[in-house]
Structure formats: structure tokens, C-alpha cells
Amino acid sequence: MSTRLAKGGRLIDRSKRLDFTFNGKQFSGQAGDTLASALLANNQTLLGRSFKYHRPRGLIASGSEEPNALVGLGAGGSFEPNQRATTQELFSGLSAQSQNHWPSLDFDIGAVNARVSQFFPAGFYYKTFQWPRAFWKHLYEPIIRQSAGLGRAPTARDADRYEHFYAFTDVLVIGGGIAGLTAARAAADSGAEVLVLEQSADWGGRAPVDGGQIGDLEAEAHCAALVADLAARPNVRMRNRMMGAGVYDHGYVLGYERLSDHAPGTPGPRHRLWRIRAAQIITATGAIERPISFAGNDVPGVMLASAIRDYVVNWAVSPGDRTLVVTNNDDAYRSALTLHSAGLAVPAILDARPGGGGALAAQARAAGIRVETGRGIARVLGGKRVTAVAICAQAGEGAVLETIPCDAVAMSGGWSPVVHLWSHCGGKLTWDEAQAMFRPDADRAATGADGLPFVIAAGAADGEFGLAALVANAHQAGLQAAERCGHSARSGRAQPLPEIVDLPEAPIEPVWMMPQGAGSGLRAKAFLDYQNDVKVSDVQLAAQEGFESVEHAKRYTTLGMATDQGKLSNINGLAVLAGSLNAPIPAVGTTTFRPPYTPISMGAIAGEARGDLFQPLRRTPMHDWHQANGAQWEPVGHWRRPYCYPQDGESHAEAVAREITQVRGGVGLLDASTLGKIVVKGPDAGRFLDMLYTNMMSSLKPGKCRYGLMCSENGFLIDDGVVARWDDDTFLCHTTTGGAERIHAHMEEWLQTEWWDWQVYTANVTEHYAQIAVVGPKAREVIESLGAEGMESQTFPFMAWADREVAGIKARIYRISFSGELSYEIAVPASQGQALWDRLLEAGAPLGMMPYGTEALHVMRAEKGFIMIGDETDGTVIPQDLGLDWAISKKKTDYLGKRAQARSHMTDPNRWKLVGLETLDGSVLPEGAYALGAGVNANGQAVTIGRVTSTYHSPTLGRGIAMGLVLNGPDRQGEVIEFGQLDGGRVSARIVDPVFFDKDGEKQNV
Amino acid sequence: MSELLTPLLGKSYDGLVQVAELPRRGMITLRGDISTATMRNVTTGLTGTAMPGRGRVELAGDGMLAWMSPDELLLVLPADRVPRALERIAKDLASAHHLALDVSDARAMIRVSGADAAVRDTLAKLAPVDFSAKAFPAGSFRRSRLAQVPAAFWCAGAGDFGLICFRSVAEYAFSALSNAADPAGTVGHYA
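Chains S and B supply the protein sequences, listed in that same order.
As numbered in my numbering, the first sequence has no gaps in its residue numbers, which increase by one up to the final residue, 1006.
As numbered in my numbering, the second sequence has no gaps in its residue numbers, which increase by one up to the final residue, 1197.
If you're looking for bench data, these hints aren't it; they were derived computationally from the structure.
A hint or two may mislead.
Derived DMTMM-like pairs (lysine to aspartate or glutamate); straight-line CA-CA distance at most 20 Å [claimed, not checked]: (1) B/LYS1017 x S/ASP624; (2) B/LYS1097 x S/ASP727; (3) S/LYS810 x B/ASP1086; (4) S/LYS810 x B/ASP1108; (5) B/LYS1017 x S/ASP612; (6) S/LYS810 x B/GLU1009; (7) S/LYS384 x S/ASP106; (8) B/LYS1097 x S/ASP728; (9) B/LYS1097 x S/ASP729.
Quick list of simulated restraints, FRET-style, between CB atoms [claimed, not checked]: (10) S/SER698 x B/ARG1060: 32 to 40 Å; (11) B/ALA1144 x S/LEU503: 51 to 59 Å; (12) B/ALA1164 x S/HIS552: 56 to 64 Å; (13) S/THR447 x B/PRO1029: 46 to 54 Å; (14) S/THR795 x B/GLU1009: 30 to 38 Å; (15) S/GLN213 x B/GLY1059: 49 to 57 Å; (16) S/THR795 x B/PRO1084: 31 to 39 Å; (17) B/ARG1060 x S/PRO264: 45 to 53 Å; (18) B/ALA1197 x S/THR3: 38 to 46 Å; (19) B/PRO1029 x S/SER699: 43 to 51 Å; (20) S/ASN968 x B/ARG1060: 53 to 61 Å; (21) B/PRO1084 x S/SER698: 35 to 43 Å.
In silico negatives: residues of chain B with every beta carbon more than 12 Å from chain S [claimed, not checked]: (22) GLN1024; (23) GLY1069; (24) ARG1087.
In this text, all values refer to a predicted model and were calculated from it rather than measured experimentally.
Think of the CB as a built atom: it goes at the ideal place given N, C-alpha and C, for glycine as much as any other residue.
Only chain S is shown next, with the shape it has when bound in the complex (with noise of 0.2 Å):
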């Protein structure tokens, strides 16, 4: 069994007990545990189910490589699935549930899929689900959905915080280990600025437990030197409990900060995501340590060596009273000897090579293990538990020589570097042979825009395993960083490197399949991806079916694709492949190691982006009153704007209707602020409007008001809008609301790239203005009661502004009509838009003025036939579909879309054009119905023959009116088509001039 031991644990406090439930069932551990480490102390080691065959699995490893140790922490608002036992600190009241577990953790009917295993090989769901398709959908999907899958979807909103956080730094280092510390102290004795991050709540990484003599110090005791030396240092930052997620180009990279999830109901956020510009980038990332191939490596109590070491030495916990070995190096001897040392049964050390290890082999040799060189395991056996191991001959074929009783097995294929952040963004490794590893190659590291490298890997993530070399190695790594960033040693005070002097290992054997002649029974039980279920049998079907390439054989597999992204399978699985394929690794190569490290939470990325920050709302000058007055918002771009102001009982529709019937027969009162005002002045100015907008700007007088209209340099129309002339040199462009950003950018463009030479200023002051539009046959009176003069046509025709004052405020009017009705919209600076507004209102109240919104604005423009873009464009529209011809200048030379709109297919005679609509029943055509031609096309489908495009029902009129694109439209006047509706049925709908109201726009000129 796995129990505490009653002495040791240098990273837990006995003095604090802390209790915490696994799937309900009451534990206690001890303050510096991790979740991991307290469920083995207390004996729990049968952890999860795995996601495809649901067979029983336990602890791997002790960090953030573990594959097996998932579970779901927490419940409602703060439930999260997915959580690594061995990185999650323990904590008083933690609640954890195991995963992919029905009905019981210990009695599973999934674990059925485990007997018929062999009809759920490789490829397997794309086999079998080819056909018949229907049964994809409503057979083996739901069954998939219900039996597979890691842990269940949180349901509740998240209750905890996040923020983000933007950092800068000469020098970043990932890993605080003592490759990391290291190299942080060499890049800040340069005097470059330093930020380590570290991803456990330690310092020190794995040399206090792998031990090791420093110059005077202990390997514990020297890095605890290094971190106090650094941490009083002015230009060294140290964060620990923030792992580096990813790194990207131009030397950023993202931090993930976990604040409290050690220590929940701690006020502040739980996570912060930094973002981090670093020049250069230390990944001293540290090794993880393979597992080897065998039947049964995936029973409970099979572990990394390494883990097996950390258990015991860092939160004194002994994962088994009788420990088997086995290994190809002669690190695992570490192992051995740590147990030993405990107090521990270590049976036997199986040591693959059949010449066995060197001084760390005559150490346990010397303490009395029992060594036997050449061996390997045939098989585990046990169910929940290890409860022994047959073992064999490597070179052999799996013949049992012995059995040998035990509760844990510790298993080291050798090291791998972490490479993962070297590679992210671009680094390139090689191959190894002699320590059977990919390490990173430094004439081919991540390059930044000048092209000279941005990230330097350090230490074991370098491929560096001798203490002596590492510390070497990683020392280096800081004095180049810092000197890449314009720091040089010497400056510094560069400190010479302690004495170090390591032990003569033998080196290490590959095992990529124990025993090497292992048979099928043997290989369809030996696994490579714990968290995918993914076994040697695998990769080689998928080699055998002609899956060469590693990136395929993933794929196919699924091999390397589960949250743990392959950590621990991704070499041994591609050493399989090769082996299969006949190929040397090298030349099969390693999949593409992608961001983020680990999973990181949806809630970091989201960052302070939720609730009321989720998005920027904009609020014009009168937002709070609208708030106040009841509107119905509409959101316009990031805008809101008052849809409708319903009152006592409307319905939104009855409130449009009254909004409308008072504007036509009264006078009513808009917000336009939103609409875009982009002042443009120079010498050039008037030339620069005349080849944005389609007709004549430059021959407009100063004082008058003109429409136009803009289209892109392929011919679409894109924008719309009044525009007036100020002076001589200066013009005020109206934009549509959601344009103005866009439009003035465009602007900015075409001045910058193509017109570079013309004496043109834009300015987007679309945000300094309040402009409120009074409208109605009544507009004139309430306007001039507030002391507006001079409003009458004969001195203040349509289509002019003036500067009056109104209600005291010094305001520009501008005589323009967006619904046919005598308008005046009056422009005052955002400051005084409310009082504006407030006076407006009381002068207008006798008159029963009352405000209106944007489907009221919307149904008169359409009533007037006025188009609007968005409605009657949509990027594949030009003015000519539109019946603007009349707004486009035959005269100029050129404006922006002129050679476009001459183009075969957009002079084509057939291509759909604006005309009115009117059903004959009087109803309300559908949004976007399509009017239907006779008979089907080429898919079968009905032929279509136009379109609608904006549909209302009229107040005005009191019937349905609309406007839409129609082939050969315009000559059909008075033609009956018909139009599709969502149930199938049709309606009929006669074609007729899109002008419905006052044709003659005899209202706005009065």
C-alpha cells in the first residue's frame, strides 16, 4: 500500500493538518501536499478511468506531465473539470471527483470496452462510422457523447476574477529550477532585467531531490542561495505558481499566473494571464523522464522512477512497500536508492542493458538490491493495483523467467527534454543518438524579425544532464541572452561557477518495446498515451495501413492529442512508429509542439472581458436618458440606440406606429449622434471627395449639403452619407453609424499610400457632437420657439446648414432629411446634447413631440424608398443595382470604383436591381425571402429571381411595404411575382416603384 512516511517531506508542513474529499469520501493531508501526493499518502491510488477502454488508472507522474490524475475540482460557479492532481496544491475543504467514471469509480461498466479491446484498434470511430451516415448522427454520436469525453462541461458562470497583465523584460526565463536560477543570475550579473517564472509554488526544480554536491552547498541548499541572492537583486522579477505558456514571435510569450488556486475564496483574481515582451527567452524547461513499454504499464502503482523519487523525498510519501524497478539508465538507480534509504522494499532493480549501470549501480549493489542486468517485465499483473511482476529476458520474447511480488513498479525509459517553448515558435531539434533524445538545436533557434535568435534552451532542456554540465550549460545560456540584448559579461560582475564533480554513469540503452520481441498479446497491452488509451499495437496498425508520416499516424491514433499533448507518449510513440516503418527517428521526426504548454482556463484568456467589460458599449451623450425614458436598445456597431420607446402596455410595434404617425402628422425628435463626422480639409480636399464619393463633391458651395456615395475600388458600395462644405478648404463627411471608424481609416489609406502628395487633413470628431434631429411638419415651430432664426425656406432652403443659436446653445443646423419630413438636425457639442435635448422636448411638448428610434427611422427612410447600407447592400451591391445612377458623376475622369463598376458583370443587363414590393394580401413580406422564377437549378433547388431586402409594415400607408433586388426589376413595373416563406408557402407581391410616400418630396421642402 502507499502511506506517509514518519519522517522526511521537505516541502510539507506535519504541524498543519488539511482535509479535503475525493468523490465525497473524507481525507486529510498536510499543508505543502499536492492533491496527488495526499490521495497516495492516504492509499487512495486508483484515480480515474481511462477515456476509451475505462481501465483503472492511478499516478504516473508528479507534475504537470501527468496524464492519468484528472480530476474535476470545486462545485457550482467555481466547478472546473480537467485539474492535474500532481499540480494542484492541496488546501483545507478542496473537493475533488474523479472522471470518465459510471456508475462508480470502482465499478465501472465502460470497462467493458477493455474485453473487447480488440475491436477498438486504431482508426476505429473513422472504420466504423463511415457508414451508413445517418446513424453518425442519431446512433453513434449520442453514445460517444455519453460514454467518452474528460470530465464534464462547468454549467454555472464562473464566480472568480481574472485579469491580464502586459510585461516587459530583457530577459525571460522559464523554469525555475536550477538551470533557471542559474541562468538568471548570469543574465542579471550582466545587468540586464530578468523575470523568472516558475511554474510549481518551488524554487529549485528537480536538483533537490535528484541531490548533488555544489562547490560547499548541497544542490537544495545552493539553490535556495540562488533565490535569495536573486530575489534581493533590483533588476531580477520572480514569479512562482505562473507556468510560461507559450512563446511567439517577436519575443512574446504568455505567462499563466495561478494567484488562488492553492488558495480558493482568496480575494483578487484566481488567474492572471501575462503578456510578455521579452527580447530574449530562456526556456530552461527542465526533462521529463519516459515511460517504458510493457503489458500492463498502466496498472495502478506503475510510476515514473522520477515521481517515485519525488514522493518520497519531497511530501514523504511511500507510493509502495515493495518497489520493483525497472530502467535503461541509470538515473532509476536514484530511485532504488531513495527507498532504500526510507526504509523501503526494493525487490529487484531490472536494468535492461545487459551490461548494467555504473557507479549508481554499485551503490545499490553495495546497499544490498538485488540487480538483474538484461531483464525487462513481461507483465504487470493486478487489476486496481500492481500486485506483482513476471519478468523476462529483453532480448527475448516475453518467457517468463520469474514472478515477483510487489505493489509498485518504478519505470524509467530515459529523459527527454522539454523542448515544447523552444519549438513553439520555430526552434528546430536533433536527434541524439548517444542519450536517445531530441534536444534543441542552437544554430536553429526561433528567430525574430532580424533574423538573429530569440530564445536560448538552458540546462536539462537542453539536453544537459550531468549537474556539472547543466549548470555550465545554463550559466552560458544567461551571459548570451544578456549579451544578445546589448549587455556585456563583463560590465558585470560575472561570478565564477562552483565545483561540481558528478558521478560516472553508464550510458543509457533504448527501450522502445519491452521485451524487445514482445507479441501482440503483449503490445496491445503495453501503452504509450495513457489519456487517449493509445498502445504500441496501435501505431504500428496505423504504420501497417500506410499512416507514414508521424503527423498522420497522430492524427489517426490519436496519439498525442489529449490534454496532456502527448508528454509522456510522444517519443516513445514515434520510436514505434519508426521501428515499424524501418526508419531511423530522426527521420520520422516529432509532431509540431504547439501552445499553451498546459491547458490554461477560458477565464484567463477572457481576462477582465466579462459582464459588464465584455465589450465596450458605446453611449451617446443622451444614453442615460433613453435609459431612463424606457427605450427598447438596439445594438449599432458597439453603439446602443433607442430601437423604440414603448409606453405603458405597447408593444414594440405599436410604439414604432405611434412614433411614425407622430412624425408625419407632428413632430418628433431623433438622437443621431452615432452617425459618423469626419472633417476633411486642404487645398486638396474638395479633388480628394471627388474620388471617394461617386458624384461631384469639389462644385458643392460652401454653406450647401450634398448626398453621395462611396464605393470600394472593385465597385461595391460601401458607405453613404451627406456631406457639407464648411468653407472653402473644409467638408464634414456624415458616415453611417457603423462606418465612421472605417470610412475615416479608408480615408487615411488612400492619403497615405496613393495620395501621399495632397495637401489633405482628415479628422474623426464624430464623438465631439450631439446631434439631435427635430422632424415633422412641426420641426420649424419648436426650433424657432427656442430662438432659432431665419428657419424658413426662402432664407434656409433644404440641403443648407447654418450656425443659429438654439435654446441658448451655439449650434450648427444642418436642413437634411432621412424621412421625407421637414428636418432640421442640429449639431451642438456633446457637452450640451442633454440640455439641448431637455429644452427641445419642453418647447416641443404643446406639439406633442416625442422622441423616436431607429425602427421608426427605418420604416420612413423605406417608405421614401431611401436606401440603407447593410439593408439594401451587402459587398456585392453597386450604386447602378440601386437606381443611383442619378448619384453618380458622368463627368469626373475617375473616383474610387469607376473602372470597376465597367467591368462585363457589372454593366450585365441581368443582374438584379432595386424596385418596391407590395403584397396583394397587404401583410409584411419575410426578411430576405427570395422571389422565385419558374422550375429548379442544376442542385435542385427552386430558381430564384430577387430578393427582399428591407420589409416593414407601414403605418403610414397601413399595409406591408418593401424593397428588394429583382432580376430585370425595373421593367416589370406592375408585374405579380411571388416570394418564398419559411413554412414552404408562398406570398404574391407586385413589383412598383420603391418610392411609397410624397413622391414628388413635396414634405421636406416646405
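On the provided structure of chain S, position chain B as indicated by the hints.
Chain B alone, transformed into the frame defined by chain S:
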């Protein structure tokens, strides 16, 4: 004349730092050739400040002059002086191609103040700007973004930062800053 309303009606929030709307001031955006002596004379004359270099702001009393781009300056001065200032610019720059506009109401002006390190930490939660004292000393001016909206920042002195954003998103900017200044959100990076 009615009371002139600022976008945030003078709101403030006290957390790790203080976030407060600054009182209404006049703002003029001025585009043109900013390298000429005429330009320098008229702008510094109106603001009472020196001429800012690239990425810098000059402050003096009520006046502020900020470098917005190679052809744009922002003048800040008491609001009631804006009409005469515009007249003066029009006169002095009559023969030079330029654009000068009153944008006093187009923007919100917010002050973020408190312990210097806390102010820098708070702003660094929202803007991709190096706010270290070395990279962003007093007199620095930067057009960037504040979370999802455009904003320009300047450092007036230790623990005294200002920013402008568009008026329509003033509430968003204020809320984002207040949220970032949550008392429990200490970062300690610039400490």
C-alpha cells in the same frame, strides 16, 4: 448657458489607486507640419509649455502639449480659451496647410493616481505599454489601447498618470480601470 456635462460627471473610484475623471478642459487637435518655428511658436504660446519631442508631453500649469504623431499635436488648455485659440491658430498658420479643431467634448480625460508602482501596475493590466519608470518616465506620452478601446496615456510625475479616450466609451474605460484597481488585485511587478 447650461452646465457643461463631462462624460463621467466627475466620477471617481478609490481602490489600489484612485481613478477619477479630470475636470473639463479645452482640447484642440492640430495637424500640420509640426517641425516649423511658426507651429512651435503658436502651440507653445497657447499652452504655455515647451515643445514636446516624439512620444512626449509637456505640461505647465493649465496647459499641456502632446506629441500625437509626426504630423499631429494635442493642445490642452482652459476650455473657455478654445475659441480664441482656434482664431489665433487660423491667423498664424494662415499660409500653412493645417487642420485645427475643437475636440474638447470628443474625449474623456481620466487621472490615475496613487503610489507610483501601483499606478503603473494598474495601467499595465489594460495597456500593452512598458510602464516601467525607465521606459515611461515623467513626460512620456503614448497612444495605445486600454483593454478594447483606443487611449492615450501620459505620466505627469510619480504616481500621477493621465489618459484620454473617446467620450462614448468613457464608462467602459472608467469601469475597466476601476476593475483593474480592485484592492485585492495587487501585482507587485513595478514595486
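Hints, verified against the model:
no.: 1; hint: B/LYS1017 x S/ASP624; verdict: 15 Å, holds
no.: 2; hint: B/LYS1097 x S/ASP727; verdict: 16 Å, holds
no.: 3; hint: S/LYS810 x B/ASP1086; verdict: 14 Å, holds
no.: 4; hint: S/LYS810 x B/ASP1108; verdict: 14 Å, holds
no.: 5; hint: B/LYS1017 x S/ASP612; verdict: 17 Å, holds
no.: 6; hint: S/LYS810 x B/GLU1009; verdict: 14 Å, holds
no.: 7; hint: S/LYS384 x S/ASP106; verdict: 8 Å, holds
no.: 8; hint: B/LYS1097 x S/ASP728; verdict: 16 Å, holds
no.: 9; hint: B/LYS1097 x S/ASP729; verdict: 15 Å, holds
no.: 10; hint: S/SER698 x B/ARG1060: 32 to 40 Å; verdict: 36 Å, holds
no.: 11; hint: B/ALA1144 x S/LEU503: 51 to 59 Å; verdict: 57 Å, holds
no.: 12; hint: B/ALA1164 x S/HIS552: 56 to 64 Å; verdict: 60 Å, holds
no.: 13; hint: S/THR447 x B/PRO1029: 46 to 54 Å; verdict: 50 Å, holds
no.: 14; hint: S/THR795 x B/GLU1009: 30 to 38 Å; verdict: 32 Å, holds
no.: 15; hint: S/GLN213 x B/GLY1059: 49 to 57 Å; verdict: 56 Å, holds
no.: 16; hint: S/THR795 x B/PRO1084: 31 to 39 Å; verdict: 36 Å, holds
no.: 17; hint: B/ARG1060 x S/PRO264: 45 to 53 Å; verdict: 47 Å, holds
no.: 18; hint: B/ALA1197 x S/THR3: 38 to 46 Å; verdict: 44 Å, holds
no.: 19; hint: B/PRO1029 x S/SER699: 43 to 51 Å; verdict: 45 Å, holds
no.: 20; hint: S/ASN968 x B/ARG1060: 53 to 61 Å; verdict: 60 Å, holds
no.: 21; hint: B/PRO1084 x S/SER698: 35 to 43 Å; verdict: 38 Å, holds
no.: 22; hint: GLN1024; verdict: 19 Å, holds
no.: 23; hint: GLY1069; verdict: 20 Å, holds
no.: 24; hint: ARG1087; verdict: 15 Å, holds
Comparing the model with each earlier hint shows no violations; every hint is respected.
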